[in-house]
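*Asks:* Letter by letter, the chains look like this.
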Amino acid sequence: MNSDKVTTSSRANFGWILKMAWRDGKASGSKLILFMASIVLGIAAVVSIQSFGQNLKENIQLQSKSLMGADFTIDSDKPVNERVQGIIDSLGGAGAREINFASMAAFPSTQATKLVQVRGIEGNFPFYGELETEPATAANKYQQKGAALVDATLMLQLGLKTGDRIKIGEISIPIAGTLISVPGSTSIFSSIAPPVLMPYELIEKTGLVQTGSRIGYDYYFVADPGTSMEKLENSLEDVLDINDADLDTHTSTSERLGRRYENFGKFLNLVAFIALLLGCVGIASAISIYIKGKLRAVAVLKCIGASRRQTFLIYLTQIAFMGLLGGIIGTAAGILLQQLFPLFLGDLLPVDVQMSFSPRVILMGVLLGVFMSVLFALYPLMGTLYVSPLQALRVQGEGKENSGKAGILVLAGIFIFILLFSYWLLEDWRYSLAFVAGIVITFSILSGIAKLFMKAIKKYFPSSWGFPARQSLLNLFRPQNQTLTLILSIGVGTFLISTLYFTKDVLLAQASIEAQTDSPNMILLDVQTGQQEEVAQTISGSNLPVINNIPIVTMRVNSIRGKPVNEIEKDSSSGVNNWILNHEFRVTYRDSIIASETIEQGEWVSDIGDTELVPISISDNFAEDAKVSVGDRLTFNVQGVLLNTVVGSVRTVDWSRMQMNFSIVFPEGVLEDAPQFRVLTTLVTDEESSARLQQELVSKFPNVSIIDLRQVLTVIEGLLAKISWLINFMAFFSILTGIIVLLGAVRTSKYQRIKESVLLRTIGATSKQILKILALEYIYLGVIGSLSGILLSLISSQLLAWQVFDTPFVPSLFPFLVLLPGISLLVLIIGLANSISVIKSPPLVVLRKEGL
Amino acid sequence: MAKILNVHNLDKTYSSGSKKLTVLQDISLSIEESETFAIVGPSGSGKTTLLGLCAGLDRPNSGSIELCGTEIERLTEDERAVLRNKNVGFVFQDFQLLPTLTALENVAVPLELQGSKNASKISRELLEKVGLGDRFHHYPSQLSGGEQQRVAVARAFSNEPSILFADEPTGNLDAETGEKVIDLLFNLNKESGTTLVIVTHDLELAQKTQRILRLKGGRIIENPISAS
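Sequences listed follow chains A and B, in order. Position one of the first sequence corresponds to residue 1 (my numbering), numbered consecutively onward. Position one of the second sequence corresponds to residue 1001 (my numbering), numbered consecutively onward.
Some clues are possibly wrong.
Using 30 Å as the maximum straight-line C-alpha spacing, the simulated DSSO-like pairs for lysine-lysine come out as follows [to be verified]:
1. B:Lys1019 / A:Lys405
2. A:Lys563 / A:Lys627
3. B:Lys1019 / A:Lys455
4. A:Lys405 / B:Lys1020
5. B:Lys1019 / A:Lys755
No lab work stands behind these hints: they were computed from the structure.
When you get a sec, could you build the whole thing from the sequences and use the hints?
*Replies:* The following block contains the structure:
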């Protein structure tokens, strides 16, 4: 009984803390349901996206050879020259070769015509993967039989069967079977121009291989085992490039494909992260309710000798364990959920994704559960450190508030976590910092709005209002009010959901095509100069207008500002993009700009006068990638003839318009005599006239390819529908988590409201009056919170559209018409549902039940 | 006899905004080992605040407190918690059992905090002693008020404290049940020789102790006098 008995901690060890955490958790587990739900939803969203992305990447890598059908290919858009042929021979000769082009095909048995991708194949292609046909034997026999394999969807659409004939150009051959899948044909392109496989030697006889046709020559190789694809690519790339050919290896192709899906994945990752962040807000609010209910017990424990550390650790252990459990359930849910993604995305995916469990993602999900719970629970948990044991004696001492320093440390920890995690998802410090800064600014603005709101009510208090209206307003700034917490939670939740919605708007608007009634919807490609008049007559003969008759001349860049292309290629510091140097440009000439263009710099020159330098107009992206501006000289190689030009103007081009747009436009009077072909457009009114015109054109001009934009539109719309399904599905997670946050926030203030309502009831307030007070209070909070959230999201979406997506943003009314009343109503319903017991039961029963 | 609690010139004020509220002023008292002692006074006289200060639950603005031979104002919060765990027992007006623990677990907590290996066995014996041998695994919400207070008494004695502070121990009980709890408290006090300090405004209960201190408005209006 003297001072030597006093030590700094009691003898109870960590085992006791675990025991206490377990005992207490066992009895109060149900109170942590909100907390668990927040973690599970957040983790499930992130894990499903991460795991699916990982699986997709692995599958693309695994199936890279069967995606290509070979180890590597050499391809060119013209017949290969001797040098390239020499390289092909030195590699042991190609195992298979192919000529491909888009062309109209006619099917005499059904009188139908359709734009198809003709692939003339020689050799045993594919070497990897499978040529899947029906009947299966057709894959091996079509070459010997001199027959074609026709895309399965096309066969079905046109009601074709094996044995029917297909007419391509000058020849008509039998259909050997249905083509179910073939390496190298992507499903998106296939829906516009479905693949038709035929023997290589018959291609010549179609008569379609002529100037103006966009023809691809592909050579397929099988490498010796152990050949390094990277070395092969490095050693041949340059020499092939100079000779207008290109080498693609199965590894580089799969990497490119992987990258394309990575961008889409990044957006989905952000969506999932928003769900996770909402989950974190949910954790913080659920834990703060939970800890509030535990403060009495903490005071008692301290009274009977437990230290601050011990009481803190009891609840921290509990939360970490619940976080672990939530992490495990969330991860399992995420892994199950990802199985649904292929259903949404279907043939958008380049490979059949075989789902496997990625240990990395599983570990991330589980650890994230623990880490997130502990981090976001720390601030409310710190409340236990400052509980005075005096509270057990009903004496309200001068309870210390959470220490400022510790609070700042926790906040800093939270922001570092968000920053690191968003970097992990986005792999870009700039975007991650902007993301975190956006969150800080949002929180600050929302708290500002809440404080301003309270001040304004105080200052302009409507003393003339009736009792319920006045009382409900008074509640908003009474001592220990929850106005700030509620407006923050409602505001942040609405902000995130609404930003997600607006971003989706921006993304989808960028890709969508307005149905312009007067713009052309049928494009005729590869019309030879000699055919143009006859083609135009055929169109007019069907009582349809010829809207455009656009000349096209192909050319390549020869030099930029006097520096030849091959020198620029060697100069790594030039900054000129490769496509400028290698691309075969399709150039037009005309006397004025068109509706989709605006002059950004310089002046449009329609009359070239006597100058030797031709003043041309280039698009802004060409100017940027070629590092040229007005006044710079460019020399073009127009099929062997060098043409000196000067940049006269730079145009902004709206590429998203479904029409013929050009990077380079010449004035009239220069290219008229160059070898060229024409693109004609018309506007067909219905399916029938479209089919009739196509049939007529195909029979008269077999070399002309016809694109029916309405079909393309249907394909793109289908594509967008699938993407928006997935985005909506992920947004649903955020909304669900948002509701949980809302529940948490409303429950936080439940006890105080109940106490007050019981008091009012005791002194004679009617149910109607209490209901009115509560309803009005929740309506104020709901409207202010959600309106500020939506307005803020309008600003952030505008910034996103401007900075990230570089596209104009026209907000839809959905958030205002649906989200604002929806969330306000939800706040009202949740609030009233929580207080209904007060109105229905006698005051004493309520007090006893709620332990107040 | 040795003094177990010495209080000298104790002052306690609370600030509320810019105002200062003096709750206790110039309080001095001392209590001997095994003594029974009552602090009485009307509501707001500072009884409970004094009890809290004596048990080291709060710090005075001035003055000194020596509990079980230790000057407690020099100890940190955690050192005071350990001192309480080893030497002090508590009985509260509203029982203050941990709602998520069973009766047995509630009684065992102080012993477990000491690292005792026999916590469960001792707790069972104590619960039997207070007549709750059949309520080991009941949660507080499943017990009546009297039963809850008996569990609290068992818990208060479980660590064999040198001094037991009881804050209005019968305040929430009916007269008959209150009587039983008080008998239990005094019997256990006699058996184990624990000093008993009771805060109450029930003069009848105060009369049962050996000495009474009267407080009013935060000051001693009558120095400890023998109850008899």
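*Asks:* Take the hints in turn and mark each one as holding or not.
*Replies:* Hints, one by one, checked against the model:
1. Of the supplied pair hints, the one linking B:Lys1019 and A:Lys405 holds, its CA atoms being roughly 27 Å apart against a limit of 30 Å.
2. A threshold of 30 Å between alpha carbons decides the hint, and for A:Lys563 with A:Lys627 the separation of about 12 Å falls inside it, so the pair holds.
3. For the suggested pair B:Lys1019 and A:Lys455, the alpha carbons sit about 25 Å apart, so the restraint of at most 30 Å is met.
4. For the suggested pair A:Lys405 and B:Lys1020, the alpha carbons sit about 27 Å apart, so the restraint of at most 30 Å is met.
5. Distance restraint check for B:Lys1019 and A:Lys755: the Cα-Cα separation of roughly 28 Å lies within the 30 Å cut-off, and the hinted pair is therefore satisfied.
Every hint, counting from the list given before, is met by this structure.
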